[in-house]
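Protein chains in written order, with this note's numbering: chain A, 1 to 351; chain B, 1 to 254.
None of these hints come from the bench; they were simulated from the model.
With the Cβ distance kept under 8 Å, some of the chain A side facing chain B (calculated, not the full set):
#: 1; residue: G84
#: 2; residue: S92
#: 3; residue: I107
#: 4; residue: G108
#: 5; residue: G112
#: 6; residue: V113
#: 7; residue: S151
#: 8; residue: P152
#: 9; residue: G153
#: 10; residue: V179
#: 11; residue: A180
#: 12; residue: D195
#: 13; residue: I196
All C-beta atoms in this analysis are idealised placements derived from N, C-alpha and C, irrespective of residue type, glycine included.
Residue strings, one per chain:
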Amino acid sequence: MYNKQKILAILLGLIIVFVILAGCTQSKAPVGESKVRAEETGREKIRIAQQFGLVYAPLMIAQEKGFFEKYGLEVEWKRFGSGGAAREALASGELDAAFMGIPPFLIGWDKGVPAKVAVGYVVSPVSLVTYKSEIKSLKDFKSGDKIALPSPGSMQHILLAMAAERELGNANAFDDMLVALPHPDGCSAMLAKKDITAHFTTPPYLFEELSQQGYKEVLTGAEAFGQEFGFNVGLVTKEYHDKHPRGYASFVMGVSEAITWINHHKEEAAEILAPEFNMPKEKLYKYMTWPGLNYTTAPYGLIGFAEFMKKAGYISKLPQDISEIAWENISAFIGMREGSPSMMEQLQQRK
Amino acid sequence: MKKLFRYCLFVASLILIWECLARSGMYPEYLFPSTGKIFYTFIQDSSEILLRARYSLTLIFLGLGSAVVGAVILAGASISSKMVSEAVTTLMAIMHPLPGIALFPIALLWFGIGNKPIVIIIAFSALWPLIANIYNGLRSVPVTQLEAGKILGLSGSRLIFSVMIPAALPNIITGLRVGWARAWQALVAAEMVFGASGGEGGLGWLLYKRRFMMQTPGVFAGLLIIIIIGIIMENAILATVENQTIRKWKTTID
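Sequences and hints are given; from them, build the entire structure.
Here is the structure:
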């Protein structure tokens, strides 16, 4: 009896070890595969994450127009529900590139996920909206009010903490009022005026809510941050950056070309993407030309977010230098001015 | 005593394997934290963990409690009336395979965001296995025991409490075990998939927050408390009930 159990325990232990080892080799296999492919065909392969929302329009256009293929890059697209899920896939080696907000990226960087900023991506309006007429500023929220945002640690959560610190002196003032809801669910709860008082959201949901009678902005992202900031950045893993320099360069050029094209052809882009967003092309065009929306590969606010998040305890360390969190093309673009910081360097800070 | 020793030895060897893997440096901390780091996080976060655990247990007891009351009423009615029995059996065939969490989007629409839909989903998840087990238990009371009871002059409620329920107790306890497990599944899944509101979230919300902050040791610390609560429930409460009742009456082997 005693021996039998001992043997069983050892067997169980061995099985666990094997399962874990198997998982390890599996996660490394795709990288080797893509290498072989590249040598055989002269083309590079990349796995890119894509989420939902208006800010992903340039990626969708790149897909339609074949902007990555033009530079010899074969793309495998993977859909994710949130930046957090994309970050998990990045951490487990299932992805080479992903797009997410600066705060989720910094949380991953702080924990040691080996990826850096390869491109800026978009500057976008993001606001806290309410339908309650008595709420005019953050001070007017009472206990019992509920504020919906996508998840803890999201761009919206950090912006709310920044504003709470500035206006109420306590970054965690609203933590007990938060409700984590995906954008579409939050939007429908807002329109039904049910359960939640306010929603911190992004286009197209933001535009949808603001088009309603009596819905207004309590706080804009720029007010919370102090100036403009990048809503999303594109990341590439260290593994891919180091082992596929050609693939990396093609990725940066593909995104750049897609952004340049969309900025000059918004009408045509709206026409191409209207079925994907399931809305009339006139409405999509209006949303894509909303004041404040700026598709650009320049990063804004990288250091400003890091400094606040370190101070408020969301991350444990600060990047000493931009090159710790961004690849060469970005750190060279920002530069390092001798003496006082340059304009580009100042844009990475908070005001 | 020897059994307890073997039990500890087994758990210790699992922890040892875990620690070896974590220290081998094969995986970064955000994928595979060391046991030391997990215990440290557990101690450091203990005030929040305990608060969330208390909140989760309140929701579970609310949900499970109403499920037990509902199950007893429905199973009792099924035993006494053929028509009710058929209706309940049909309903059970429809509802039992439905995972409670699948109904959550509808519960959100009907009852709003907050704990109400969570309690209702917990009650729903636990109700069907409870009814099935209680009903089976009551139905499988040996006819000889029932007859013996009747010959001794018992009837009505005394027959139910002195003969039927004791005879059905092994099934009732099994039902409670399954119901308890499904209640936890429903609670954690609901809070993790649909989120919760910060002021009133349980352990699912804790896991959700830790996940998005990428605090993997914190996620494991949350799992640890769920395991501890499960072990206490199993060994301290259900086992005691069993020892005081069916083991004492010798209605089960061992």
